[in-house]
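Just need the whole structure built from these sequences, with the hints factored in.
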Amino acid sequence: MLTAHVRTAHEEILHASYDPGIARRLVAFLAPYRRHVAFAFGLILVTALIEAAQPYLVKVAIDRYIAAGDLAGLAGVALLYLGLLLLEAAVGFGRTYLTTWIGQHAMHDLRERLFDRLQRLPVCFFDRQAVGRLVTRVTSDVEVLNDLFSSGVVAILSDAFMLLAIAATMIAIDWRLTLVTLAVTPLIFLVSLALRAPMRDSYRQIRRWVARMNAYLQEHVTGLEIVQLFRREAASEEGFAALNRGHKDAQLRSIRYYSLFYPLVEVLSALAIALVVWYGGGGILEGALTFGALVAFLQYAEKFFRPIRDLAEKYNLLQAAMASGERLIALLDEPLAPAGGPSRRLPEPRGEIVFEDVWFRYSPETWVLKGVSFRVPAGTRLALVGPTGSGKTTCASLLCRFYEPTRGRILLDGVDVRDYPDGILRERVGLVLQDFFLFSRSVAENVHLDAPSIDPARIDAALGALGAERFVAALPQGSDTPVGERGRSLSTGQKQLVAFARALAFDPPVLVLDEATSSVDSATEAVIDRALARLLAGRTAFVIAHRLSTIRRVDRILVLHHGEVREEGTHRELLAAGGLYARLHELQYADEAQPDRAAAPPSGRAHRDVGAGAR
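Residue numbers (my numbering): 524 to 1138.
Errors might be hidden in some of the hints.
What the hints assert, rightly or not - Pair ranges (Cβ atoms, derived):
#, residue 1, residue 2, range
1, THR929, LEU710, 42 to 52 Å
2, ALA706, LEU607, 28 to 38 Å
3, GLY946, ALA901, 13 to 23 Å
4, ASP586, TRP801, 19 to 29 Å
5, ASP880, GLN1111, 50 to 60 Å
6, ASP586, LEU607, 48 to 58 Å
7, ALA901, THR662, 43 to 53 Å
8, GLU1096, ALA901, 36 to 46 Å
None of these hints come from the bench; they were simulated from the model. Note that beta-carbon positions come from the ideal geometry of N, C-alpha and C, so glycine has one too.
This is how it looks when you write it as structure tokens:
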């Protein structure tokens, strides 16, 4: 399966090295909660001070009270130590709850920002992106950042404050022993620096493989019927196995770096403690250091190197978050679909469409439209006809402004569509796609799409006008019946009628219809034909036609071939001209008539069969 190995350029182009700009962009999501963040910092600072005070109390207890045999003073120090532990527990609870609260709210905002961005990206962006990869960004990548904001940042800041507090206390006790204790930290820094780049790259690879697996799963679950119909289960499993192996290998690479980093830090930490025992023991023998100070330094060394030893795990989380952050920032930086011109006085909607020397190409190599010019008067029904790849759907997409013309312009009621505010253009130009997409909601919700202007009466009127009320009434809950994912519980014809009702309820003056090519039974086709006639009545229609019945119903026909307008006229005029349209008509008519001739038996045999049956 080739899908398993597809990579988009957008997926692969990531920052080659650490970019502090990404961190700043991500931290910006904490800005609305700056007061909560400041309070959390205060709690983190209190925790660090408590941690730093505990070994010092041990020093005081040994040097001042145990050495002097003062049990009352020792009891006071013990109670103070216990009080600090209880205070640390209470502060830790508040710190953990508050930081988790901040992280959840920040990630809630990020998810909403990402979804809003996806809603407003141009169609061309989705042409080059797999759905599964985008889902990964909004779910898995955000979840990684959630872990960072909810716990990772707290741990890193807490450790940083604690390291500073411990270092300051150690210096106050004995600066020489402090230097001995910290002598190994440059080595730890060098180890971290050496492993940073490969660890970051390994997490990039993990996120990429996760995105590819999600895209592959989404595609193959959606197309499972095709996979089973053509017995491609083994090939699909092979494709998924390749992705799964890639993900496993990326995970193992990251584990190797983690497994290398942690023992190295552990060894260096043990070396530091050994140096403290050696140098501090010598200080005690020489009378330059008290026994309590040595015990305190050993505790400080353990507390100092514990967060550094844990840095391997935090570093893993940080690198995973940075890799996810790169992808999310790249998505947030994608240019939005053009929003249209500034608010201006627009003409009353009539529905006149003019294409003026329109050229368009999806890629630099090939022109899809070449100098297309035509005019559709208001209220006219125009059919676009032509072979596959002639540019019919592209014309419709340009009119709806899913893409911008490379050259030329398209006018709606005398105004360039690029000068329409996006919302007004969507109100004036409706679209019914060949793929009748329905959400996994009720019939009524699929008609009104949460538009406040469409009430239940308007929904019922739209369904009734199209003859859809009979099948809707037969549903278990009527128009409140859920239709399932992509309308799975409805037939093709029923989905088509719901899509028509949606367009009729919104009532745009211009309707773009990419007519379905799906085969339906005769009775359903008759209902759809009547619904289509009602839908097109009284409005400008821009129809990408596939059926002869629809072509005969329109006022004008435009024949496209290789991105150029070859013929224009009525059905009869174009047939009489004997050109490309006539040939297409002849081919389609022959294709549609052939099944009927094949199904009808010879007349004599038919009479014989009936007669035999009568006997």
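How the hints compare with the structure:
Look at THR929 against LEU710: about 59 Å separates their beta carbons, and that is not inside 42 to 52 Å. Against the hinted window of 28 to 38 Å, the Cβ-Cβ separation of ALA706 and LEU607 comes to about 29 Å, which satisfies the hint. In this structure, GLY946 and ALA901 meet the distance hint of 13 to 23 Å, their C-beta atoms being roughly 21 Å apart. The supplied range of 19 to 29 Å is met by ASP586 and TRP801, whose beta-carbon atoms lie about 21 Å from each other.
Checked against the given bound of 50 to 60 Å, the beta carbons of ASP880 and GLN1111, roughly 30 Å apart, lie outside it. Between ASP586 and LEU607 the Cβ separation comes to about 19 Å, which falls outside the hinted range of 48 to 58 Å. At roughly 46 Å, the beta carbons of ALA901 and THR662 sit within the given window of 43 to 53 Å. Between GLU1096 and ALA901 the CB atoms are about 22 Å apart, so this pair departs from the stated range of 36 to 46 Å.
The structure is inconsistent with the numbered hints 1, 5, 6, 8, although it conforms to all the rest.
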